[in-house]
Amino acid sequence: MSDSLIKLEGVTKVFLTDEVETHALSGIHLDIKQGEYVSIAGPSGCGKSTLLSILGLLDSPTDGSYILNGRPVQGLSLPERARIRNREIGFIFQSFNLIGDLTVYENVELPLTYRGMPAAERKAAVTEALEKVGMGHRAKHLPSQLSGGQQQRVAVARALAGKPAVLLADEPTGNLDSKNGDSVMQLLADLHKQGATIVMVTHDARFARHADRTIHIFDGRVVQEQVESDPTR
Amino acid sequence: MLPDLRFAFRQLAKAPGFTVVALLALSLGIAACTTVFTFYNALLVRPLPFLQDEASLVRIGSSTQQGTDSFFELSMPDFRDLRAQNTTLTDLLTTWNRTFILTGGDQPQRLLGAWITATGFDTLGVKPILGRNFVPADAAPGAPLVTLIAHHVWRQHFGGREDIVGQTVTLNGVPTEIVGVMPRGFRFPEVNDAWQPFPDDQETKPELRGAHHLPAWGRLKPGVTLEQAQAELATLGTRLAAAYPTTNAGLTFRVFNIRDDATRHFAVQMQLMLGAVIFVLLIACGNVANLLLARAATRAREIALRSALGATRGRLIRQFLVESLLLGAAGGALGLVISFWGIDAVIALITPDETPFWMQFDLDWRTFLFTAGATLAASVLFGLAPALQLSRPDLAVELKEGGRGGTASARASRLRSSLVIAQIALALVLLVGAGLTLRSFLALAATPTGIEPENVLTFRVGLPPSQFKDRSEVRAFFDRVERELAALPGVSASGFISYLPLTENNNISAFYLEGETPPASTQEAHDTHNRSVTPGALAALRIPLLKGRMFDANDHAKSPHVALVDVAFAEKFLGGVDRAVGRRFTFSVGDKEPKWNTIVGVVGNVIQLPGARRAQHQVWFPWTQSDENFVSAVLRVPGDPAAYAQNVRDAVLAARADIPIYYIEPMAKIAYRSIWRPRFFGQLFVGFAGIALFLAAIGIYGVMAYNVSQRTQEIGVRMALGAQPGTVVAMVLRQGLRLVGFGLGAGLVASWFAASLLAGSLYGISPHDPPTFAFVPLLLAAVALLACWLPSRRAVRVDPMVALRTE
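Respectively, the protein sequence lines represent chains A and B.
Per the working numbering, the first sequence starts with residue 1, numbered consecutively.
Per the working numbering, the second sequence starts with residue 234, numbered consecutively.
Where hints are given, some of them may not hold.
[As the list claims (entries may be wrong)] List of simulated lysine-lysine pairs, DSBU-like, C-alpha gap at most 30 Å:
id, chain 1, residue 1, chain 2, residue 2
1, A, K163, A, K132
2, A, K7, A, K163
3, B, K247, A, K123
4, A, K140, B, K791
5, A, K163, A, K123
6, B, K780, B, K791
Hints are computed from structural coordinates only; laboratory data are not their basis.
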């Protein structure tokens, strides 16, 4: 394993609603190396999605520090956060979050257009990503014309296309049947083998075992870290 | 940009209901703006056609020294003095409208003609397309008579022959050489067909210094300002007043920019109208913004996702603006197309058959630029609110499985409500404006005119004085025509009148009564409208004799001069109707031997023009004691007056085959036209206010319908718990009426101040007219109530089971 890609120190997240303070995360310390496959597990409401949101710069910690790829990112401006999301992070969501009015190709292309990448480079990157997830033949389809598993593959391609430093997957199989779920997990495992750093939130122990390491969260705290003996199972 | 545009297209295509409603609102707003701007542009913006360097062209007239808003024409002696003595103007020109009767064809043709001072067109900077302009020698006594003709006359009467220049035609029985053809569309000063040089030996008598009937123009010398010219003319006015106190004491001269003068009757109304349609466009923008906000709520996740994938706020705003610009461009294009009809419809409301040559209502680049600008501004306006609203999504919440998924935020709700309040307020301002102009017009239309215009046919006929110098020949002609008209079957009364009432033609003269100290100047004398008339014309118009006697055969040119006065005259100057007959007055102000007119009777009041600001009392002289060469004939006929057009034409041709008649019109049409301007602006205002009301109603309906759809589950729970339909309806209505109440409150305050802008153009009502301010908010409230009630009906049809399952 190489150097630290993600480093959280003392990260806390407090939500204020109607004068009630809810501590979603309390003093999280986390260190994820380049090329590592980490799963975050825990019961519903434990704070794992909040943690993933902070990792993905979708949300900011109330306290603590976050260093991504050697750079502190907790106090960045909104445009700068958007730029880092675009270049360093690839998202895979439980509900796929494809844009229904865009074709498969355009969905995968979207983050690259925000990057200002020239059209020819975009085309090459999109084609490569779609081929990697086995969806090259469906480039002109709309998401509504695909099965759930296919949609999630497209979402993975979108996450991959920009060659991000890390893939963040939030319950990537949550909306899939077991066959499609297995297929997507296999895809992630293959990507990991090819060197991708993956952080995945799941509450399914079966899928958590695909990761090198599983971090268990309970009530906003890391309560256990478990290293899998054979992550390829 | 291209992917954004492509996506925007798909968004519009995907939601045809949204697109149609948004396009309808936008295109109505843009069409209203483009239509009004076309007229605003023609009147107040685009350069006056043909005239060189419009900014230095000025209009010159007389004015009383006290009355800053009085403005009347120059007399020829004053014109000549100003022309000779001023140092700030390169030259002055004047025109005098003349009738030119063109003979030599199948039928005599009457042309609208004018004398124009020989260098006039040079001063205006207009050259003929064929031939030459007049030169000073053309106006010299004894010079051969020459004529310039308008382009359409050249085409219609002379077949557009290239060799027309140098040809001799007969105008008013006198051969004249056509020396040139003016450019197509040029009909200075308004709608003339032909021009002749103003003869140097005309209007030269010193006693004509008090006859103010010549419009004058001039051009400022380079570097001279309007103020400098005004100051010099005021000095000259003082000099002339000292030299000619009888006619000029108390008078001064005023100078205006040529456009300011030409547009003074409608500049303010056009500005108000443009303001009104901008309000309409703002209301339309409110509608589209609200629709976009409602739709944006359903796109919250998409926006969050784009943001998660790295779209910056600016990038998201750009995408929203591309979408709104696309919508705006489509609405603008559609609005432009609709405005073609709008312009035609507005032109159809302009009652005069001919408008001055300089009013050109075609679309020019300024109109297109305005439409493009309005479209762009509207697009940014309605697109910006949703863009700003949505470009800061709560990513962690929106992207979460089961995130809000289309529920409006409180901030968006407040924004939507604020937009509706603003729409209602704007619509109320427009409706109050429309209500005031409508009430003002109705008051004007209800003004008693003093005549009964129905079943009366009128036309104009005359013998040009240059051709008919012998009065007995003139009298014989009119006597014959009068007999021919009276003999027409069904004609119950007929006669002549020097100028028809309810037109802008008038004759106002200074006078004093016998027994009063003779005034030293015309400014110190009384003044009154005056007309000459035959008894048959008074009968045909049903102007009643209330006291004394009517003119009769004993009132002829050589008998003592007599007059009839109207009730207003008798009451103002004579102490009442009963004290009028037998009194004498004279127009010979300043004469040592005045010519007295004895009042022989009192007739009913006849107004000059509805809503005229000056007093409208008048005196009538027997036509037999006047020296008019042109008259308006009036005939009371059974049925449709227009059906008598050929009969009257034949009757005049029977008297003389070379004399045409013209302006053959029912008197009712003239009465209708007399209030065309307030009717025109009233109709426009009501039309635009109607559109505003419609758009505001759609806006309220849209917001309430959306609120109901957002509260489906809540309503379901309430109904599951036993809420009565009436309770649910009341709940929805309460929510809507709160918005309406705020909107009406804000609108009433704004209307109160905005109404003052109309003060100058209202007749018979106050700008804060209580009935208008009471009724209009009620009307808007009723429409708003309906717009709230419809969605509330949908709320009570919510099936609790279905509603609860949507959770």
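Verification of the supplied hints:
no. : hint             : result
1   : K163/A to K132/A : holds, 12 Å
2   : K7/A to K163/A   : holds, 20 Å
3   : K247/B to K123/A : holds, 26 Å
4   : K140/A to K791/B : violated, 103 Å
5   : K163/A to K123/A : holds, 14 Å
6   : K780/B to K791/B : holds, 24 Å
Figure legend: structure checked against the earlier numbered hints; the only hint not met is number 4.
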